[in-house]
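With the sequences and hints as input, model every part of the structure.
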Amino acid sequence: MPFFSCNRVDPNGLARVVAEAYRPSTSDPRTALAVPDEAPRAGRVPAGYVEQRRKTPVQWLRVYRQLSKSRLTFLVVLSGMMGYSLCPAAYAAPTALPSVVRLLALAGGITLCSTAANTLNQMVEAPYDAQMARTRARPLPRRAIAPAHAMGVAACSAAGGVAVLGALTNPLTAALGALNVALYAFVYTPMKRHSIANTWVGAVVGALPPLMGWASCTGTLMQPTDAAGWILAGILFAWQFPHFNALAHAMGNEYARGGYRMMSVTNPALNRRVAARYALALVPLCGVALPLTGTVLPVTYAALSLVPNAAFAYYALRFWRVPSERSARQCFWMSLFHLPAVMLLAMACKADMWTT
Numbered sequence: 003m004p005f006f007s008c009n010r011v012d013p014n015g016l017a018r019v020v021a022e023a024y025r026p027s028t029s030d031p032r033t034a035l036a037v038p039d040e041a042p043r044a045g046r047v048p049a050g051y052v053e054q055r056r057k058t059p060v061q062w063l064r065v066y067r068q069l070s071k072s073r074l075t076f077l078v079v080l081s082g083m084m085g086y087s088l089c090p091a092a093y094a095a096p097t098a099l100p101s102v103v104r105l106l107a108l109a110g111g112i113t114l115c116s117t118a119a120n121t122l123n124q125m126v127e128a129p130y131d132a133q134m135a136r137t138r139a140r141p142l143p144r145r146a147i148a149p150a151h152a153m154g155v156a157a158c159s160a161a162g163g164v165a166v167l168g169a170l171t172n173p174l175t176a177a178l179g180a181l182n183v184a185l186y187a188f189v190y191t192p193m194k195r196h197s198i199a200n201t202w203v204g205a206v207v208g209a210l211p212p213l214m215g216w217a218s219c220t221g222t223l224m225q226p227t228d229a230a231g232w233i234l235a236g237i238l239f240a241w242q243f244p245h246f247n248a249l250a251h252a253m254g255n256e257y258a259r260g261g262y263r264m265m266s267v268t269n270p271a272l273n274r275r276v277a278a279r280y281a282l283a284l285v286p287l288c289g290v291a292l293p294l295t296g297t298v299l300p301v302t303y304a305a306l307s308l309v310p311n312a313a314f315a316y317y318a319l320r321f322w323r324v325p326s327e328r329s330a331r332q333c334f335w336m337s338l339f340h341l342p343a344v345m346l347l348a349m350a351c352k353a354d355m356w357t358t
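The opening position of the sequence shown corresponds to residue 3 in the working numbering, with each subsequent residue numbered one higher.
If you're looking for bench data, these hints aren't it; they were derived computationally from the structure.
Don't be surprised by glycine CBs; every beta carbon is placed ideally from N, CA and C.
Keep in mind that the hints are not guaranteed to be accurate.
Okay, the calculated beta carbon distance ranges per label pair [unchecked claim]:
(1) A95 / A252: 39 to 47 angstroms
(2) A150 / V301: 54 to 62 angstroms
(3) A199 / R331: 19 to 27 angstroms
What follows is the structure, given as structure tokens:
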């Protein structure tokens, strides 16, 4: 039975599906995974393979960190905290908890929700990850953790994250956290093998954390004063296309080998064109829309943010016009500079910090 259906949910189904996929292939040695009880042999399993029974606590922590995709989770947490920090004090909902407690609860809740989503993603994709050089050293393909154990990590993280957000921030933020896990694990992940629309769904997932940060401060997203929260989410949504599409350009062959329907595989020209469009969209989002909300000093932020926005747009347009691994790499690295730059500038130009 599949792990979910219209009528009922099988809590052990996903773990069983992954375990079934782990059975060694005898027909294609290129994609066969090592038998759990066999000792690792040179050239057959990635470096770092450790049998479960020999793991130390430190090694388990390393496995959990890999399941969480710690670097990605760190960026997700930062974007959520940025949404909270940019919210003007005048918009904050009354609460008995100190602001720093809510901020830490937000960070902890997002960390747990991100861990759950990333673990579920790796459970579904483990058989395909084993076929790609970039991902075959992840814990599940190299059998560093059992599927049932990984399912336990995901379930506990999801429940804990939503509980922390609900108890220490507000129900709206908790609902957004649960939505983020569901979208990433059960919509975006399976869609990657069927439609290039997965990139847009993934961008929605990436745009939710700053909205969660804003909601954790205000308790609402439907007031006129919440426009800045939606614009922050829009900035994260647009940023992900040049960031991810540039990376996907270099990973096209591996995505094709894994059977993923990515723009860089099915339509490389569209992949580059979409990257350029959304990089250009960041200019008015940062330079016009956000200043108009009054959250940041309008003229100052519009002028300062023009520098990283123009640089990012230049490299994205270059990637579009001159497709090459070099132009894709330059666009990708510029994306890693751009997002922290515009967010830190927004914090430095926060209006109520200078006017009160």
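Quick rundown of the hints versus the structure:
{"no.": "1", "hint": "A95 / A252: 39 to 47 angstroms", "verdict": "44 angstroms, holds"}
{"no.": "2", "hint": "A150 / V301: 54 to 62 angstroms", "verdict": "57 angstroms, holds"}
{"no.": "3", "hint": "A199 / R331: 19 to 27 angstroms", "verdict": "26 angstroms, holds"}
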